[in-house]
Amino acid sequence: MVERGHVPLVDALSKYCAQKPGTWPDKLHLALWADRVTAKVTTELEFKTWNSVNWKPEMSTEKLLTSRMHQLEAKDELILDVADRVKEARIKKNNTSIENTIFGQYL
Numbered sequence: 001m002v003e004r005g006h007v008p009l010v011d012a013l014s015k016y017c018a019q020k021p022g023t024w025p026d027k028l029h030l031a032l033w034a035d036r037v038t039a040k041v042t043t044e045l046e047f048k049t050w051n052s053v054n055w056k057p058e059m060s061t062e063k064l065l066t067s068r069m070h071q072l073e074a075k076d077e078l079i080l081d082v083a084d085r086v087k088e089a090r091i092k093k094n095n096t097s098i099e100n101t102i103f104g105q106y107l
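Using full-length UniProt numbering, the letters of the sequence shown map in sequence onto residues 1 to 107.
Everything labelled a hint here was simulated from the structure, so no lab data went into it.
Treat each hint with caution, since some may be false.
Okay, derived cross-link-like pairs now, DSSO-like style, lysine-lysine, Cα gap no bigger than 30 Å in a straight line [as the list claims (entries may be wrong)]: (1) 87 x 20; (2) 63 x 27; (3) 75 x 20; (4) 87 x 75; (5) 87 x 15; (6) 27 x 15; (7) 92 x 75; (8) 75 x 63; (9) 27 x 75; (10) 63 x 87; (11) 15 x 63.
Beta-carbon label-pair distances, calculated as ranges [stated by the list, open to error]: (12) 19 x 78: 45 to 55 Å; (13) 82 x 29: 37 to 47 Å; (14) 28 x 78: 20 to 30 Å; (15) 5 x 75: 45 to 55 Å; (16) 79 x 22: 33 to 43 Å; (17) 24 x 91: 39 to 49 Å.
Each residue gets a CB set at the ideal place from its N, CA and C atoms; glycine is no exception.
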């Protein structure tokens, strides 16, 4: 038996892991985080919050959670990409012609 408020969470996790059902324990943290950061209907009555998610008015809570889970999982790749770009920029910034010139051997 699933608590009433957890039905969208369980459905989203089930849909997200449809290709590999045995991986749901590894993806549970994504579902829980997505549920925590997803605005609820009561919030939406007061504030429009879905400016950065590919949300459509007819989208179910389950689909919204699944979309958020995909965003959260992609976060690690984005962080690695940004780290690589920062490293390259720092190398490029500090890579001057004098530093790369060999002045001969010192005896």
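Okay, the hints, checked on the actual structure:
1. At roughly 35 Å between alpha-carbon atoms, residue 87 and residue 20 are farther apart than 30 Å, so this suggested pair is violated.
2. Taken as a hint, the residue 63 and residue 27 pair is honoured in the structure, with Cα atoms around 16 Å apart against an allowance of 30 Å.
3. This hinted pair checks out: residue 75 and residue 20 have alpha carbons roughly 20 Å apart, not beyond 30 Å.
4. Taking the CA atoms of residue 87 and residue 75, the gap is about 18 Å. The hint holds against a cut of 30 Å.
5. As the CA atoms of residue 87 and residue 15 are separated by approximately 37 Å, the hinted pair breaks the 30 Å bound.
6. Distance check on the hinted pair: residue 27 and residue 15 sit about 11 Å apart at the alpha-carbon level, within 30 Å; holds.
7. For a cut-off of 30 Å, the pair hint linking residue 92 to residue 75 stands: about 26 Å separates their Cα positions.
8. For the suggested pair residue 75 and residue 63, the alpha carbons sit about 19 Å apart, so the restraint of at most 30 Å is met.
9. Our distance criterion of 30 Å between C-alpha atoms is met by residue 27 and residue 75, whose separation comes to about 14 Å.
10. For the proposed pair residue 63 and residue 87, the alpha carbon gap of about 36 Å is over 30 Å, so the pair is violated.
11. Using a Cα cut-off of 30 Å, the hinted pair residue 15 and residue 63 holds, with the two alpha carbons roughly 9 Å apart.
12. Range check, residue 19 to residue 78: Cβ separation about 22 Å, and the 45 to 55 Å hint is violated.
13. At roughly 22 Å, the beta carbons of residue 82 and residue 29 sit outside the given window of 37 to 47 Å.
14. For residue 28 and residue 78, the Cβ-Cβ distance of about 21 Å falls inside the hinted range of 20 to 30 Å, so the restraint holds.
15. Between residue 5 and residue 75 the beta carbon distance is about 25 Å. The supplied range of 45 to 55 Å is therefore violated.
16. Between residue 79 and residue 22 the C-beta distance comes to about 27 Å, which lies outside the given range of 33 to 43 Å.
17. Between residue 24 and residue 91 the CB atoms are about 41 Å apart, so this pair conforms to the stated range of 39 to 49 Å.
Hint violations for this structure: numbers 1, 5, 10, 12, 13, 15 and 16, all remaining hints satisfied.
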